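Given the sequences, and given the hints that come with them, work out the whole structure.
If you read the sequences in order, they're chains A and B. When we follow the working numbering, the leftmost residue of the first sequence carries the number 216, and every step to the right adds one. When we follow the working numbering, the leftmost residue of the second sequence carries the number 100, and every step to the right adds one.
Treat the hints as calculated values from the structure; they're not laboratory data. No experiment lies behind these values; they were computed from the predicted model shown. Quick reminder that beta carbons are idealized off the backbone N, C-alpha and C, glycines included. Just to be clear, a hint being listed does not mean it is correct.
Claimed, not checked - Away from chain A, derived, C-beta distances all over 10 Å, residues of chain B:
(1) Ser113
(2) Tyr122
(3) Ser144
(4) Thr162
(5) Gly170
(6) Ser178
(7) Pro200
(8) Asn220
(9) Thr236
(10) Gln240
(11) Ile246
(12) Gly248
(13) Asp304
Claimed, not checked - Facing chain B, a subset of chain A residues (Cβ under 10 Å, in silico):
(14) Arg230
(15) Thr231
(16) Asp355
(17) Gly534
(18) Lys538
(19) Ile613
(20) Leu616
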Amino acid sequence: MEFEEIVLNAITALRTNLMRTLLTMLGIVIGITSVILIVSLGQGSVAFVTNELSAFGTNYFQINPGSSALSSFAGGSKSLTLEDADAIRNDTSFTNLKSVAVFALVTAEASANDVTKTYLTYGSTADIVDMLKPTMVHGDFFTQSDDQDSERVVVLGEKASEVFFGKCANPVGEKIKIDNKTFRIVGVARSASAMVGGFMDSALFIPLNVALHEIEGNVEINEFDVSVKNPDLINDNIEYVTQLLRERHNLKSTDENDFIITSATDAITTVQTITQLLTLLITTISAISLVVGGVGVMNIMLVSVTERTREIGLLKSIGAKDKDILLQFLIEAIVMTSIGGLIGILLGVGLAFLISIFVKIPFVVSIPSVLIAVGVSMLVGVIFGLYPARRASLLSPIDALRYE
Amino acid sequence: MTTPVIQLINVTKSYPLDDGTSYQALNGISLTVQQGDFVAIMGPSGSGKSTTMHILGALDTPTTGQYLFRGKDISSFSSDELAEIRNKEIGFVFQTFNLLPRTSVFKNVERPMLYARIPKNEREKRVMKALELVKLTDKVQSLSNKISGGQIQRVAIARALIMEPALILADEPTGNLDSTTSKEIMMLLHSLHEEGHTIVVITHDEDIANMAHRQIRIVDGKIVSDKGKGK
Chain A
216 MEFEEIVLNA
226 ITALRTNLMR
236 TLLTMLGIVI
246 GITSVILIVS
256 LGQGSVAFVT
266 NELSAFGTNY
276 FQINPGSSAL
286 SSFAGGSKSL
296 TLEDADAIRN
306 DTSFTNLKSV
316 AVFALVTAEA
326 SANDVTKTYL
336 TYGSTADIVD
346 MLKPTMVHGD
356 FFTQSDDQDS
366 ERVVVLGEKA
376 SEVFFGKCAN
386 PVGEKIKIDN
396 KTFRIVGVAR
406 SASAMVGGFM
416 DSALFIPLNV
426 ALHEIEGNVE
436 INEFDVSVKN
446 PDLINDNIEY
456 VTQLLRERHN
466 LKSTDENDFI
476 ITSATDAITT
486 VQTITQLLTL
496 LITTISAISL
506 VVGGVGVMNI
516 MLVSVTERTR
526 EIGLLKSIGA
536 KDKDILLQFL
546 IEAIVMTSIG
556 GLIGILLGVG
566 LAFLISIFVK
576 IPFVVSIPSV
586 LIAVGVSMLV
596 GVIFGLYPAR
606 RASLLSPIDA
616 LRYE
Chain B
100 MTTPVIQLIN
110 VTKSYPLDDG
120 TSYQALNGIS
130 LTVQQGDFVA
140 IMGPSGSGKS
150 TTMHILGALD
160 TPTTGQYLFR
170 GKDISSFSSD
180 ELAEIRNKEI
190 GFVFQTFNLL
200 PRTSVFKNVE
210 RPMLYARIPK
220 NEREKRVMKA
230 LELVKLTDKV
240 QSLSNKISGG
250 QIQRVAIARA
260 LIMEPALILA
270 DEPTGNLDST
280 TSKEIMMLLH
290 SLHEEGHTIV
300 VITHDEDIAN
310 MAHRQIRIVD
320 GKIVSDKGKG
330 K
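Set out below in structure tokens:
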């Protein structure tokens with residue numbers, strides 16, 4: 216029998232019991248939808264995180280004080296000093312070095328235009344701009360000489376600027392009071408990355424020297440951002456700087472580092488590993504629903520064989536061979552699971568698209584995962600359709616014709 | 100003399116029973132049907148006429164004895180070889196469940212040709228010709244569950260003819276029909292016989308049997324009478 220005719224017959228048979236067919240397909244639809252959705256969202260998330268982390272480039276690493284991420288965040292450690300930064304800058308053996316940006320963090324009260332608000336204020340060297348790569352909405356970032364001369368200048372984050380001066384206003388040249396000292400606004404900056412640099416939009420940036428010497432309170436060095444010329448050498452450079460700082464901090468070989476060095480590449484690798492593991496885990500769980508769906512297909516195909524016993528007898532009496540009957544029922548199961556798989560792919564891709572819009576991650580459709588989904592759904596049809604089809608094919612024509 | 104279409108030589112058929120014994124359905128039947136014969140096989144329920152029909156239709160094989168179909172012994176054919184014989188040499192008309200449910204008249208008549216891998220345009224031509232013969236060209240796209248009992252039997256006859264078989268085997272073809280429609284179907288079979296087809300009808304109805312030219316009566320798995328032989 217021609218393959219086209221077998222498929223057409225299978226579709227006719229499946230349409231005869233449309234509701235039953237649809238319900239049987241549901242298991243496969245759910246399985247495939249969840250696999251496609253999870254893989255797509257997983258890859259979208261990795262793409263998003265990778266983009267975000269790469270926004271600042273992969274040619275830098277950061278050094279924070281403290282022996283753990285928590286202490287570095289809490290700001291309780293004072294292990295990094297300006298002298299450390301100078302030591303890295305002036306090390307002649309470190310030929311791959313491009314720059315060392317330093318920043319200190321403080322919360323300070325700012326007021327302008329009768330608006331007063333407390334802001335996270337970054338005291339930083341001017342070269343931080345090379346690392347953060349902000350878009351300058353108005354004006355420019357402050358310069359190295361502003362830092363050296365301890366000029367009271369400030370760059371406002373875009374949202375901070377809106378709070379004091381309203382939307383679209385250009386406040387460059389205006390004055391703003393920070394910690395009761397008057398600063399001249401030189402620029403308004405928009406962050407390059409929503410995730411990593413999003414803090415920039417609602418922050419103030421002042422020269423490091425001004426922050427360290429003119430702002431009241433406990434101002435500490437929070438971070439060095441070390442840029443290198445050749446990112447391929449970054450791991451060797453990290454090892455070198457680690458050794459340099461350990462020597463400067465007089466750490467014994469048994470002591471732990473009192474600083475933490477991380478690179479964007481590290482973070483990307485970690486995120487990718489976690490996401491891949493999660494994707495694998497959830498895909499495995501979804502695969503179980505495919506097996507359950509397959510058992511449903513087998514069950515319904517067995518019911519169908521029993522219901523259509525006389526039909527099988529009739530077909531055998533007009534010349535159908537065992538393999539014709541086997542193929543007919545097998546193709547029915549494969550058509551059913553394949554259609555289920557296609558619906559699952561469409562639903563999975565559609566849902567992934569909607570969710571990607573909603574949570575603002577890139578929409579990624581993995582072609583291999585779609586092809587695997589098609590293959591798996593057909594395979595489920597073959598595996599779970601084979602037994603009922605074989606049972607149908609082996610029926611004796613007389614028993615089948617006599618079946619009541 | 101031409102080779103007979105059917106030759107049963109001392110055929111027996113027994114079925115094993117659950118208690119270890121066996122049931123003897125046919126007890127040494129010998130029978131010859133020539134090309135162009137119109138034969139009615141009659142007998143009460145349990146007489147063995149259905150078993151005879153199964154063996155004649157290559158749906159089953161004898162326990163002992165020989166079945167020569169057009170001179171070829173098919174008694175020990177495999178299931179695929181028997182399927183080939185059923186497909187190409189025998190056209191069936193059953194009492195009930197003749198057609199594939201919810202399938203068009205066209206598709207029903209076409210089906211045996213799909214198993215024989217006959218090309219599409221040839222299939223279409225043959226279906227239309229067969230439906231013309233049974234006067235059902237207006238029902239070509241009708242679904243099998245939307246036509247009357249008489250029409251169903253006519254479609255079955257069209258399907259039985261489609262492979263131009265050596266034998267048309269009808270098992271109680273009028274069993275489910277009213278007397279007028281029964282007569283129509285028998286007239287149709289009669290006219291096919293006039294055209295040269297070999298027809299064997301299994302029936303318990305004397306009136307129907309009398310329309311055939313030869314009546315064979317089976318009782319307890321044996322032929323007890325064979326009237327009109329040689330006509």
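Evaluated hints:
no. : hint   : verdict
1   : Ser113 : 14 Å, holds
2   : Tyr122 : 14 Å, holds
3   : Ser144 : 14 Å, holds
4   : Thr162 : 14 Å, holds
5   : Gly170 : 21 Å, holds
6   : Ser178 : 6 Å, violated
7   : Pro200 : 7 Å, violated
8   : Asn220 : 13 Å, holds
9   : Thr236 : 21 Å, holds
10  : Gln240 : 13 Å, holds
11  : Ile246 : 16 Å, holds
12  : Gly248 : 16 Å, holds
13  : Asp304 : 20 Å, holds
14  : Arg230 : 9 Å, holds
15  : Thr231 : 5 Å, holds
16  : Asp355 : 77 Å, violated
17  : Gly534 : 2 Å, holds
18  : Lys538 : 8 Å, holds
19  : Ile613 : 5 Å, holds
20  : Leu616 : 7 Å, holds
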